[in-house]
Amino acid sequence: MTAPAHDFDADIIVVGAGPAGSCAAIAAARAGKSVVLVERGPFPGSKNMYGGVVYPRILDELIPSWWETMPVQRWVVKRSTMLLSDTGALNVDFRANAWGAPPYNGATAYRPDFDNWLANHAVEAGARLVCSTTVTGLLRDSTGRIQGVSTDRPDGDLRAPIVIACDGVNSFLAKESGLYPHTDASNFTLGVKETLALPKHVIDERFGVRDNQGVDIEILGGTSGVNGGGFIYTNLDTVALGVVLKLPKLAAQQKRPEQIIAELKRHPAVAPLIEGAEVKEYSAHVIPEAGLEMMPTMVADGMLVAGDAAALCLAAGIWLEGVNFAMASGMYAGQAAAEAITKNDVSSRGLSGYTDRLEKTFVLRDHKKLRKVPHLVLSDRVQHKYPAFVAGVVERVFRVDNPHPKPGVRRIVREERKKAGIGLLDLLRDGWTGMRGFG
Amino acid sequence: MTITVCIKWVLPNRDGDERFAGISLADQAALETGLRVAEALNESCTVITVGPAAAETSLRDALACGAHDVLRVDAPADTDSAETARALATYCEHSRLVVCGDYSSDRGSGSVPALVAARLGRGQALGLIDVQIVGETLSVVRRLDGGRRERLSVTGPAVLSVEGSVARLRRASLRATLSANDAIIDVVTNDASGAIRRTPEAAPLRPYRPRARVVPSPTGSSALDRVRQITDTSSSKGHGETVVLEPGDAANRILESLHTWGYVQES
Ligand SMILES: Cc1cc2nc3c(=O)[nH]c(=O)nc-3n(C[C@H](O)[C@H](O)[C@H](O)COP(=O)(O)OP(=O)(O)OC[C@H]3O[C@@H](n4cnc5c(N)ncnc54)[C@H](O)[C@@H]3O)c2cc1C
Chain A
1 MTAPAHDFDA DIIVVGAGPA GSCAAIAAAR AGKSVVLVER GPFPGSKNMY GGVVYPRILD
61 ELIPSWWETM PVQRWVVKRS TMLLSDTGAL NVDFRANAWG APPYNGATAY RPDFDNWLAN
121 HAVEAGARLV CSTTVTGLLR DSTGRIQGVS TDRPDGDLRA PIVIACDGVN SFLAKESGLY
181 PHTDASNFTL GVKETLALPK HVIDERFGVR DNQGVDIEIL GGTSGVNGGG FIYTNLDTVA
241 LGVVLKLPKL AAQQKRPEQI IAELKRHPAV APLIEGAEVK EYSAHVIPEA GLEMMPTMVA
301 DGMLVAGDAA ALCLAAGIWL EGVNFAMASG MYAGQAAAEA ITKNDVSSRG LSGYTDRLEK
361 TFVLRDHKKL RKVPHLVLSD RVQHKYPAFV AGVVERVFRV DNPHPKPGVR RIVREERKKA
421 GIGLLDLLRD GWTGMRGFG
Chain B
1 MTITVCIKWV LPNRDGDERF AGISLADQAA LETGLRVAEA LNESCTVITV GPAAAETSLR
61 DALACGAHDV LRVDAPADTD SAETARALAT YCEHSRLVVC GDYSSDRGSG SVPALVAARL
121 GRGQALGLID VQIVGETLSV VRRLDGGRRE RLSVTGPAVL SVEGSVARLR RASLRATLSA
181 NDAIIDVVTN DASGAIRRTP EAAPLRPYRP RARVVPSPTG SSALDRVRQI TDTSSSKGHG
241 ETVVLEPGDA ANRILESLHT WGYVQES
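Protein chains in written order, with the numbering used here: chain A, 1 to 439; chain B, 1 to 267.
Bound conformation, chain B alone:
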């Protein structure tokens, strides 16, 4: 049983310069959290990344900081989230706890930790802004919408995704840095399911412009009535609607409504 930390090595931009590549603050916090938990529970800490050979720099940094083992699953830097999660889950199966950064510093959406949790069939505590070790248990605080917080106790095997503020990554000692430079990094090929899929090209971004709303001509008898009719907001029905549906249907319904109201467009 180990604590596994998943990190993503990210190039600064699409044709980025490897010298400026690295892991996000959230991944750094995940690594520090993993190391602390491993130390407290007397476990070993393994760090995994799915990425190209250049990503080994970040694994060496992790070794220098105190990771016991590191592993690189060989894959292009733009491997998509589902594929990344599948590869990660293969190597996290036996770990007691999986710690990830909340999202990577590129187009991170936070989906990888969720997909890893789903594949492993484990609970996920996400959006963590505090992780405390209390005996054998972890007491964590989640960020909720509207400034609210939720405190959870994590006892069993779980996936945690932490924000960058949870912990500051320790500075590696000189000796460990030197020996990490010479360490041989374990690499596995990602061929369990055959081909590796790439993240599709991001759609070009454009400023948000909701579709124009069609307003019927006002029908009041006086000019004042007609102006009131167009400008009065108190009578506007808005888009509020409560429906009870299964999760899949609910998601479809939300998309459909957003589309109808003009908030999303057909790509």
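Just chain A, same shape as in the assembly:
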């Protein structure tokens, strides 16, 4: 590792030891730069929550054979999308047992385990991790150039020519640096989750899995009229059940999130899955939901922004992926920062390798492709009319109403569409947006 230039404590300071921060630190430390990784929690992951599924393919690049050491609860072999009306449910299931063997696809994992494991890789790579330390601001020189961060510890200034902000959603570092000028509440959702304990064999039976196979269920509807969605993920002996709620709608409806979870738990399609479970944990966190439309500028002189801090979480209905986007963007930020130090150019031009990488890879490509999807998924029609419409159609298609003959599907669709109050033009428009959006 090279010694940082004089006057500096390190080449690169990474703020936040979540998935983005740890991957940034691994990449930069592996490139031989001196890195300090600052985390406010007593250990990495201690303050972090999410739904529960990680898709770590991107780690192939940083931690080969990551699946051999990663602290996994279950390997996801079954993905379902559940469309809930008031009393009915349409379930679309896909099962791939091959996902339960190397090189795997996704896994459920607890954040205090996963983040800690990832941060240990950063420490092994040579990064210096300081926990229980909150970054409180940016240090600048007389010309305004970023020179490091201040922290809440005595003698707490830390100097480095590059700061990578991986401090999560609502990043105050991105805001302080002027990269993130406006915050619009409608771009955020509130995620709340209950971790429900059940014996392993009960989870295996109810979800149709065995050993360390797991299930990822994304839910549309079932959020008590507040725009959003839900999820159910299986851990070894707990089930994570949560809802994601659009903030302005939640405020307007004056409902408490725990009330909405309680209602979801009572839904006839959900209740049997979690019957008898004991609530182990309740947690909540904000999600940057609007994708490309809310992303800040990600590069400034001496500064990069990655992960949720850069609103890189992908929340598009059937996908709720943030950790993989955070890990990838963190890794690219770490690589670009290391290059800039080597070239001795930490200006935004010198750091532009970061955005180049984001543009060329899934990180921005997926966001660009799916840019219209988050708004579509959270729109009033999709939220309040389509679940009942689809459930109504399917219910009538499968209902045997003898002696009446089976009605034609076209007629059912027309009648149910009218019953749900969906105009034909709106349906066509949304279908078109969806087709283009999901590509």
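Worth double-checking, as some hints may not be accurate.
Claimed, not checked - Which chain A residues face chain B? A few, computed with CB under 8 Å, are given here:
#: 1; residue: G41
#: 2; residue: R153
#: 3; residue: P154
#: 4; residue: D155
#: 5; residue: L158
#: 6; residue: F362
#: 7; residue: L428
#: 8; residue: R429
It is worth saying that the hints were derived from the structure and are not from the lab.
Backbone N, C-alpha and C fix where the C-beta goes; we use that ideal spot for every residue, glycine too.
Dock chain B with the ligand against chain A, hints included.
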């Protein structure tokens, strides 16, 4: 001559998660007291722990807070009190003052500081709720039973055991935290007396149920007399008894009585 602080790194429970391990509030107060005394008397402050390698996290925290030296005596986390005290005493011999937490956050009974004091042949001021430095002397306040307090002056070499409220551990500076992360921790093996003994498994806890007291049948002539005889407490003799004995015999006598009266049971 130094000020030595003894701390115990404790796992949150028997198969606990190391990420939640640490030292008790009382040990934190001991560390802060040791640092303050060392600063005031211009001495150096050494922090010792008897424990496994994972306990070095707490020693690094101590270094970051300003300890001059730290030492780990390598031993399993469940080393018993007598063995812990023996190991600690070996390395506290030359210190001016030994500061311990009143008790650790696991099954702490406060016996380690007492055993250290006994091994070093020093006085112990225990149950301290206040420690003030007055010149070269320490003015300390002890918590006594019944809400009473005792003020002591500590002048010579002594062992102090402090409660968690005595002082709040300072927040380490960022620079010190970073350098403590890289510090090499001195480790000694605990082989002075051969094998290391472990704390025996704790007996399973059960609700307190004193043994049933045998009450003779009442003998009064009327029903009222007989009821009075069983329910009247004014004539009960209770268990009060004053005896004068040597400490060892007294302890045995207390145990014997508690046993007879049903307060303790044969394990
Ligand atoms: C309810 C919910 C469900 C979700 N479900 C999933 C899912 O199933 N799968 C998925 O892939 N994603 C999911 N996500 C999204 C995912 O959690 C995030 O996208 C991801 O955690 C972002 O990682 P990050 O490293 O950018 O930020 P974070 O994970 O938020 O990490 C930020 C880190 O920075 C630290 N920090 C913050 N401020 C400071 C400071 N000032 N000083 C020092 N440290 C600081 C924090 O303590 C934290 O460790 C979910 C999110 C929520 C809220």
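Checked hints:
A least Cβ separation of about 10 Å between G41 (chain A) and chain B goes past the 8 Å threshold, and the interface hint is therefore violated. Of the supplied interface hints, the one on R153 (chain A) holds, with its beta-carbon coming within about 4 Å of a beta-carbon of chain B, less than 8 Å. Interface hint at P154 (chain A): satisfied, since its Cβ lies 4 Å from the closest Cβ of chain B, which is below the 8 Å cut-off. Evaluation of the D155 (chain A) hint against chain B yields a held restraint, the C-beta minimum of about 4 Å falling below 8 Å.
With its C-beta approaching chain B no nearer than about 6 Å, L158 (chain A) sits inside the 8 Å limit, and its interface hint holds. At a threshold of 8 Å, the smallest CB-CB gap from F362 (chain A) to chain B is about 32 Å, leaving the interface hint violated. Here the hint on L428 (chain A) is broken, as its CB sits about 54 Å from the closest CB of chain B, past 8 Å. Using the Cβ-Cβ criterion of 8 Å, the hint placing R429 (chain A) at the interface with chain B is not satisfied: the shortest such distance is roughly 51 Å.
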